[in-house]
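**Q** Could you build the full structure based on these sequences and the hints that come with them?
Numbered per my numbering, the sequence shown spans residues 1 to 192.
Since the hints were made in silico from the structure, they are not lab data. A virtual CB, placed ideally from N, CA and C, is assigned to each residue, including glycine.
Derived CB-CB ranges, DEER-like:
#1 D93 with V151: 25 to 33 Å
#2 L106 with T33: 30 to 38 Å
#3 R91 with P189: 23 to 31 Å
#4 E138 with P159: 42 to 50 Å
#5 D161 with Q139: 44 to 52 Å
#6 T27 with R91: 38 to 46 Å
#7 L155 with H47: 18 to 26 Å
#8 V151 with D90: 17 to 25 Å
#9 T115 with A78: 24 to 32 Å
#10 D99 with T27: 47 to 55 Å
#11 S116 with T33: 24 to 32 Å
#12 T65 with D99: 44 to 52 Å
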Amino acid sequence: MDKARAANMPKDNVKRALDKADGGDTTRYDEVTYEGYGPGGVAVLVHALTDNKNRTSSSVRVAITRHGGTMAGAGAVAYMFNRRGYFVIDREDLDVTEDQMLEAVLEAGAEDLQTSPEAFEIYTDPKDFAAVRDSLEEQGFKFSTSELTMVPQNLTPVPADKVETMQNMIDALEDDDDVQDVYTAADWPDED
Numbered sequence: 001m002d003k004a005r006a007a008n009m010p011k012d013n014v015k016r017a018l019d020k021a022d023g024g025d026t027t028r029y030d031e032v033t034y035e036g037y038g039p040g041g042v043a044v045l046v047h048a049l050t051d052n053k054n055r056t057s058s059s060v061r062v063a064i065t066r067h068g069g070t071m072a073g074a075g076a077v078a079y080m081f082n083r084r085g086y087f088v089i090d091r092e093d094l095d096v097t098e099d100q101m102l103e104a105v106l107e108a109g110a111e112d113l114q115t116s117p118e119a120f121e122i123y124t125d126p127k128d129f130a131a132v133r134d135s136l137e138e139q140g141f142k143f144s145t146s147e148l149t150m151v152p153q154n155l156t157p158v159p160a161d162k163v164e165t166m167q168n169m170i171d172a173l174e175d176d177d178d179v180q181d182v183y184t185a186a187d188w189p190d191e192d
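**A** What follows is the structure, given as structure tokens:
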């Protein structure tokens with residue numbers, strides 16, 4: 001729900017997703033994962049919830065191949081990602097040093113802290129997600145992002161001439177109503 005609100009998702013889409021989740025909709029839905037490579041050989045993992053696997057498979061295949069990518073078999077890409085708990089705390093209006101944040105994160109039981117001038121990114125084991133979230137909230141921290149996600153083990157540089165094509169592929173996948181999440185191992189070039 002928090003993710004949907006943050007993305008300004010229309011109420012009808014949220015209601016439809018909730019109906020799918022709680023069984024209010026009698027249609028049978030299946031969770032499916034598609035694997036492939038985007039432009040420049042970047043690993044792509046797509047999670048979908050569908051009532052028609054053939055339709056979803058076809059639309060995912062079209063989105064990937066139209067943008068210079070290729071589909072891959074089961075397991076060809078999934079092993080390149082780890083399931084992680086992920087939190088982002090914006091540094092704006094936050095009076096905490098990196099050392100203080102590291103202490104708070106370790107006390108909460110998280111595994112990793114990455115810092116940037118804009119935010120603190122915190123990673124944890126999925127089984128510790130709720131405990132870490134609750135501990136950090138009790139310490140007064142507010143999250144701009146709080147989710148379970150797939151994190152690539154290694155990043156693949158996106159060639160400068162493929163950046164727009166790669167982004168268009170991701171957009172096409174995310175525009176599919178059945179697609180829930182799109183994960184990539186993209187290492188985007190710095191903007192000049």
